[in-house]
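K.L.:
Those protein sequences? They're chains A and B, same order as listed.
With our numbering applied, the first sequence corresponds to residues 5 to 386, in that order.
With our numbering applied, the second sequence corresponds to residues 5 to 386, in that order.
Simulated from the structure, these hints should not be mistaken for laboratory data.
Note that the Cβ used here is the ideal one computed from N, Cα and C, for glycine as well.
Please note: incorrect hints may appear among the correct ones.
[Said to hold, decoys possible] Partner residues are not named here, just some residues of chain A that face chain B (Cβ under 8 angstroms, in silico):
1) TYR37
2) LYS171
3) LEU183
4) TYR258
5) TRP384
Number of protein chains: 2
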Amino acid sequence: MKILILGGDGYLGWPTAMHLAAKGHEVTVVDNYMRREIARRTRSEALIRTPNLHDRAELFAEKTGKSIEVVIGDCCDYRLMSRLLADKPDAVVHYAEQPSAPYSMIGYDQARQTLDNNLGATFNLIWAVMENAPECHIIKLGTMGEYGTPNIDIEEGWIDIEHKGRKGRFLYPRAAGSLYHTTKVLDTDLLHFYARIHGIRVTDLMQGPVYGLSTDESDLDEGLLPNFHYDDIFGTVVNRFLVQAVAGVPLTVYGKGGQKRGYLNLKDTLQCIELAAAHPAGQGELRIMNQLTETFSVNQLAEKVQAAGKQVGLKVEIEPIDNPRKEAEDHYYNVVHSGLLELGLKPHLMTEEVLVQMLNTVAQHKAAIDEQKIFPRVRWRS
Amino acid sequence: MKILILGGDGYLGWPTAMHLAAKGHEVTVVDNYMRREIARRTRSEALIRTPNLHDRAELFAEKTGKSIEVVIGDCCDYRLMSRLLADKPDAVVHYAEQPSAPYSMIGYDQARQTLDNNLGATFNLIWAVMENAPECHIIKLGTMGEYGTPNIDIEEGWIDIEHKGRKGRFLYPRAAGSLYHTTKVLDTDLLHFYARIHGIRVTDLMQGPVYGLSTDESDLDEGLLPNFHYDDIFGTVVNRFLVQAVAGVPLTVYGKGGQKRGYLNLKDTLQCIELAAAHPAGQGELRIMNQLTETFSVNQLAEKVQAAGKQVGLKVEIEPIDNPRKEAEDHYYNVVHSGLLELGLKPHLMTEEVLVQMLNTVAQHKAAIDEQKIFPRVRWRS
Numbered sequence: 005m006k007i008l009i010l011g012g013d014g015y016l017g018w019p020t021a022m023h024l025a026a027k028g029h030e031v032t033v034v035d036n037y038m039r040r041e042i043a044r045r046t047r048s049e050a051l052i053r054t055p056n057l058h059d060r061a062e063l064f065a066e067k068t069g070k071s072i073e074v075v076i077g078d079c080c081d082y083r084l085m086s087r088l089l090a091d092k093p094d095a096v097v098h099y100a101e102q103p104s105a106p107y108s109m110i111g112y113d114q115a116r117q118t119l120d121n122n123l124g125a126t127f128n129l130i131w132a133v134m135e136n137a138p139e140c141h142i143i144k145l146g147t148m149g150e151y152g153t154p155n156i157d158i159e160e161g162w163i164d165i166e167h168k169g170r171k172g173r174f175l176y177p178r179a180a181g182s183l184y185h186t187t188k189v190l191d192t193d194l195l196h197f198y199a200r201i202h203g204i205r206v207t208d209l210m211q212g213p214v215y216g217l218s219t220d221e222s223d224l225d226e227g228l229l230p231n232f233h234y235d236d237i238f239g240t241v242v243n244r245f246l247v248q249a250v251a252g253v254p255l256t257v258y259g260k261g262g263q264k265r266g267y268l269n270l271k272d273t274l275q276c277i278e279l280a281a282a283h284p285a286g287q288g289e290l291r292i293m294n295q296l297t298e299t300f301s302v303n304q305l306a307e308k309v310q311a312a313g314k315q316v317g318l319k320v321e322i323e324p325i326d327n328p329r330k331e332a333e334d335h336y337y338n339v340v341h342s343g344l345l346e347l348g349l350k351p352h353l354m355t356e357e358v359l360v361q362m363l364n365t366v367a368q369h370k371a372a373i374d375e376q377k378i379f380p381r382v383r384w385r386s
Numbered sequence: 005m006k007i008l009i010l011g012g013d014g015y016l017g018w019p020t021a022m023h024l025a026a027k028g029h030e031v032t033v034v035d036n037y038m039r040r041e042i043a044r045r046t047r048s049e050a051l052i053r054t055p056n057l058h059d060r061a062e063l064f065a066e067k068t069g070k071s072i073e074v075v076i077g078d079c080c081d082y083r084l085m086s087r088l089l090a091d092k093p094d095a096v097v098h099y100a101e102q103p104s105a106p107y108s109m110i111g112y113d114q115a116r117q118t119l120d121n122n123l124g125a126t127f128n129l130i131w132a133v134m135e136n137a138p139e140c141h142i143i144k145l146g147t148m149g150e151y152g153t154p155n156i157d158i159e160e161g162w163i164d165i166e167h168k169g170r171k172g173r174f175l176y177p178r179a180a181g182s183l184y185h186t187t188k189v190l191d192t193d194l195l196h197f198y199a200r201i202h203g204i205r206v207t208d209l210m211q212g213p214v215y216g217l218s219t220d221e222s223d224l225d226e227g228l229l230p231n232f233h234y235d236d237i238f239g240t241v242v243n244r245f246l247v248q249a250v251a252g253v254p255l256t257v258y259g260k261g262g263q264k265r266g267y268l269n270l271k272d273t274l275q276c277i278e279l280a281a282a283h284p285a286g287q288g289e290l291r292i293m294n295q296l297t298e299t300f301s302v303n304q305l306a307e308k309v310q311a312a313g314k315q316v317g318l319k320v321e322i323e324p325i326d327n328p329r330k331e332a333e334d335h336y337y338n339v340v341h342s343g344l345l346e347l348g349l350k351p352h353l354m355t356e357e358v359l360v361q362m363l364n365t366v367a368q369h370k371a372a373i374d375e376q377k378i379f380p381r382v383r384w385r386s
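Based on the sequences and whatever the hints tell you, model everything.
P.N.:
As structure tokens, this is what we get:
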């Protein structure tokens, strides 16, 4: 298949590109390096220095003989998007969004940038598909955060409602906890509209927080590793805890630590994208799948990292801190996530072995850890 | 009260401004004349020439001794919005949106303009309130079109869902039928987020199509009439039918004509805004009310106009035409709309007398009717 990856420089974009290229697909990646720029400005650089996209693609070609085409450009530029879609890819994987919840909560400028970039990229993608490649399958990365933490089971995107004796099927109601997550709610609304009215085909993957460093391809060379953030801006919670364990600082649990979320291993993100691409949504369909394999509370995660630390001789402490976010710290959370399993997903679970392996990789970069990046610098205002 | 009206040049904005000023409120209107510009470009000028805002405000002052402050500017300009909110109005009435569904469906440029303008104005308003006047009450004009035509009763913005033995309260799921209506869904999502997390106070009025020309203030002088569109771009269905009746062309019912919607008289829009302002939403509350007084199918509307035409000696024909939109033409439609009645709304219903009065006003401008503007020029594409 011919696959275009928007946001191909990201934590997920780059491993996805390598994975699909390794499987023999014809892959093009696009990125404008916005995340690198924000990381520099907010002092949130990744733990391990990642080469730029052209250099990584060259290194990948050396190691595997497979090529990845690199385009540096902005998905908010409609002429670029139109040109890329005129090449009629079979699928577009859309990761090209400002991905940090705390960043989107700093102030007007950051919120505005998040709204403009995320909605702008999604809108341009929709139109570039409609005008150039109407059969192209859009694989969009949503987030489990779109749903928030409702008091009823979270279904896969849609819900059957019985009300006053009548029935209907609806998009599952959303209530996100950051402006970043809210932009993904808006994305879903836009995709819902254009799928219904103009017949675009969409898979919207509601992904939980991802952890991990290792994929078959990134293991080939350190220069092929995904960018790995442990800071409060871009670092996802498991990755953050692992770095804290290695640094010898207490794991920073926000508030009561009863916040439950669905997690998945980076390797499973790659599998899910591949499965979605191999089984496209129908024309006019907005197919939504919840992309996670296990559910844990933050306290459970901290205990798992503590136990793994013990295995490698690290004494890991856990220290609840004042929650910088506004979120429920103790809530019901039960998520249906059978769609991807039915397509064939074989989960890589968060075993002690997996965490130990990650601790060992992080330990090799211990000298690069900057403790100032670990503690929350952004507070949701009242 | 000190009240700021965004989009004060519009069909609803201007009569609202006069009404609130007449009641003794301190009123400022803002507009960038976008609607006039689009009307010119799409050959959709209003039936009756409306003076510009400064001239109308002068005329209104002459007739009533009351002043309306006029600011010409763009709500997508954050510096302007910030400056206006620094004046700490008690309420902001937000009409500043590209209001035409067909226009938003023409192509990329028009859709993009609608998305950027509508989201941009709402986002700027939210932030200008948060940063300058956090107690200011946002009165936002949404649309009944946000809900679409679900198979269950339409509640007032929120719905209690019982699912698998558990219960929750949610924003009522939306499914709009045009990009314009979808931007209002996105607006609601943004307001929902910032009300929950940052405590802004919002009334979101889900309004049905409005009809009418006459208000206590617009009746004082022809130069104070609201802009009255009968074209396929800006004309709402009742106004369009009345002009067709006067022009002697058949009423253009789209498709089967079974499309039901909730309607209200222009006078009731003014009442609703006044009632909302007098009873503000609480801090952190997103209060949603459905703003309509009666529900009719398009066929029923056509028959009402036909009957009113007979009263004034017009032979009115009805001619179903191919539906340019994608919408259900025969569907369930039952809307809860008790919120505004409970606040004290006294409905002006669509009586034959009201329609006859409008026919007489339109008849005075018969020579200005351009039949080319009556038939749909924009088709929802497949």
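K.L.:
Next, verify each hint and record whether it holds.
P.N.:
So, going through the hints one by one against the coordinates:
no.	hint	result
1	TYR37	violated, 24 angstroms
2	LYS171	holds, 7 angstroms
3	LEU183	holds, 7 angstroms
4	TYR258	violated, 15 angstroms
5	TRP384	holds, 6 angstroms
Comparing the model with each earlier hint shows violations of hints 1, 4; every other hint is respected.
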